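S.K.: Same order as they appear, the protein sequences are chains A and B.
Using the working numbering, the letters of the first sequence correspond one by one to residues 1 to 192.
Using the working numbering, the letters of the second sequence correspond one by one to residues 1 to 354.
Watch out, some of these pointers could steer you wrong.
[Claimed, not checked] Calculated cross-link-like contacts (lysine-lysine; reagent style DSS-like; alpha-carbon spacing at most 30 Å): (1) B:50 / A:158; (2) B:352 / A:184; (3) A:14 / A:184.
Calculated directly from the structure, the hints in this document are not laboratory data.
Only a predicted model underlies this, so the values are computations on that prediction, with no experimental measurement involved.
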Amino acid sequence: MQSESPKDITDYYKHLSLFWTDIMHLMSSKPQALTSIGPMRAFAANSKKVSTELIEINEDLMEFNQHLTEYYKQLSDTWSVAQKKVNLKAPEVPQDIEQIEAFKRIWIDIFDNDFTELFDSSKFGENYGKLVSKELELTKHWNNITNVILQSANLPSKEEIDEVYKEIHSLKKRIGKLELALKKKEMKENAK
Amino acid sequence: MQSESKVDPKIIEEILKFSKNVIEAPKLVSAPDEISLEVTPNETVQEIDKTRLLHYESEVDKQHKTPLLISYALINRFHILDIQPEKSWVRNLLNQGFDVYMLDWGTPTSMDKYLDFDDYVNGYLDSYVEYIKNESSSEKISLQGYCTGATIATAYTTLHPENVKNYIATAPVIDGWRDTTVISNLAKHMDVDKMVEIIGNMPPEFMYYCFSVLKPFEQGIEKYVKFFKNIDNKKFVDNFLRIEKWLGDTPPIPGELFRQWIKDIYQDNLLIQNKMYIEGEHVDLKNIDMPVFTQVAVGDHLVSPECSMPLHYAIGSEDKTLRMYPTGHVGMIASSLSQKKVLPELGEWLAKRS
Chain A
1 MQSESPKDIT DYYKHLSLFW TDIMHLMSSK PQALTSIGPM RAFAANSKKV
51 STELIEINED LMEFNQHLTE YYKQLSDTWS VAQKKVNLKA PEVPQDIEQI
101 EAFKRIWIDI FDNDFTELFD SSKFGENYGK LVSKELELTK HWNNITNVIL
151 QSANLPSKEE IDEVYKEIHS LKKRIGKLEL ALKKKEMKEN AK
Chain B
1 MQSESKVDPK IIEEILKFSK NVIEAPKLVS APDEISLEVT PNETVQEIDK
51 TRLLHYESEV DKQHKTPLLI SYALINRFHI LDIQPEKSWV RNLLNQGFDV
101 YMLDWGTPTS MDKYLDFDDY VNGYLDSYVE YIKNESSSEK ISLQGYCTGA
151 TIATAYTTLH PENVKNYIAT APVIDGWRDT TVISNLAKHM DVDKMVEIIG
201 NMPPEFMYYC FSVLKPFEQG IEKYVKFFKN IDNKKFVDNF LRIEKWLGDT
251 PPIPGELFRQ WIKDIYQDNL LIQNKMYIEG EHVDLKNIDM PVFTQVAVGD
301 HLVSPECSMP LHYAIGSEDK TLRMYPTGHV GMIASSLSQK KVLPELGEWL
351 AKRS
């Protein structure tokens with residue numbers, strides 16, 4: 001595939017990277033079976049998955065940064081408005097201990113009120129939700145890269161471990177319910 | 001040109017005193033790690049997985065037959081109900097002649113990510129209730145739920161009403177749509193499926209973030225200034241460090257339980273609409289027909305009164321009481337107000353029915 005007029009520069013580099021990792025992967029498949037179990041063979045096969053994850057991390061990082069910028073913008077705007085309110089309510093520079101205490105009380109009350117109002121707002125909730133969601137996407141890519149490394153070392157992946165956890169949980173639940181039912185039955189019989 | 005200094009000498013004095021207090025603080029007070037939060041002697045009478053059932057030792061004779069089990073919240077630990085001898089919820093109830101048990105939910109690990117409402121309600125809580133019934137030779141027990149622990153206890157009471165003689169709901173999380181707190185706003189916009197899929201359990205660090213945005217300047221700055229200013233006040237410092245240690249110690253929440261809690265309570269608000277199901281069983285609030293005592297704090301910024309009060313109106317009980325107190329979420333259970341007003345009222349109500 002030729003990328004004569006790529007719509008997006010990220011797509012172009014994604015394609016370029018995948019092209020070369022694919023080619024390297026195919027080339028590395030050529031040697032005889034003797035090398036197909038060695039670490040270099042595993043590395044060649046896995047490098048494609050790792051590079052794909054890294055490219056996607058880059059894409060998600062851009063969106064994450066957008067939400068992070070909005071997050072700090074909301075905090076900074078709220079700070080400015082709150083500070084203006086404080087300046088209006090307490091325009092004089094405090095001169096003694098009592099005035100400092102009073103000023104501090106005004107400052108804390110206004111800032112707490114304004115920031116609580118921000119954190120309560122749907123615009124904050126929506127952006128924060130998206131920020132956390134993107135952060136989770138980044139974590140997912142990192143988990144995927146870790147899985148590639150784990151599998152190359154013949155260790156179980158996170159999904160495989162989760163399957164075991166799920167199975168153990170299901171078994172424990174069944175045993176727990178059976179034990180509880182048995183105990184209740186025994187208690188009923190003893191009560192008779 | 002002459003310039004006249006107008007700085008109040010008291011300010012300089014105050015700054016110097018404050019600096020001295022900061023420097024001397026480590027010599028005067030213990031590190032939070034060195035403080036034990038165990039106050040009232042207790043015995044672990046049963047353990048299931050990472051959870052355990054505590055039975056408190058009383059210095060007075062038991063005066064009421066029906067034992068009381070407290071289902072503490074999923075956030076932070078049960079120690080707040082027994083944080084100091086003079087502010088201990090547990091000790092107060094023991095002194096009123098009640099037989100008190102506490103459920104410690106423990107610290108879930110990655111392995112526990114599949115634990116759900118069913119495990120907590122029909123598994124752990126039901127097993128401990130059966131144990132207490134057996135040990136105390138009682139047909140029923142009194143159950144108290146606090147905060148999210150009250151959500152679990154409410155679900156339990158609807159599904160097993162035959163085991164609950166009296167139900168006490170303290171700041172229960174019930175009606176997520178009416179909740180006006182920051183926690184509720186964050187919960188409503190959370191992609192909980194993605195969170196559970198990718199990280200499993202709800203990490204404590206995320207919980208810390210949620211709490212840090214509640215009254216950020218009062219809680220984040222002012223309270224520490226007060227701490228250093230009062231470093232010579234042993235009682236104040238001891239109380240401060242105990243509360244701080246308790247605040248800083250919150251276990252992860254199992255992923256599946258967290259998913260169901262956020263979706264069913266905050267996002268879809270199923271519990272109050274009588275549309276919630278646990279492992280196929282309908283959680284119908286009308287099934288709650290025993291005496292119910294609901295306690296709500298007017299200044300609660302973690303679970304707003306609007307979120308808790310609907311329980312009182314939704315249940316099927318005829319004998320029901322709603323009490324509102326001029327305090328906050330923690331103030332209702334660990335303060336002088338709780339000792340002087342909240343607990344005596346609860347004790348009087350419970351004694352008549354135990």
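S.K.: Does each hint fit the structure? Answer for all of them.
M.R.: So, going through the hints one by one against the coordinates:
With a C-alpha separation of about 22 Å, the suggested pair residue 50 of chain B and residue 158 of chain A falls inside the 30 Å cut-off, and the hint holds. Of the supplied pair hints, the one linking residue 352 of chain B and residue 184 of chain A holds, its CA atoms being roughly 29 Å apart against a limit of 30 Å. Between the alpha carbons of residue 14 of chain A and residue 184 of chain A the distance comes to roughly 62 Å, so the proposed pair goes past 30 Å and is violated.
The earlier numbered hint that this structure contradicts is number 3, and it is the only one.
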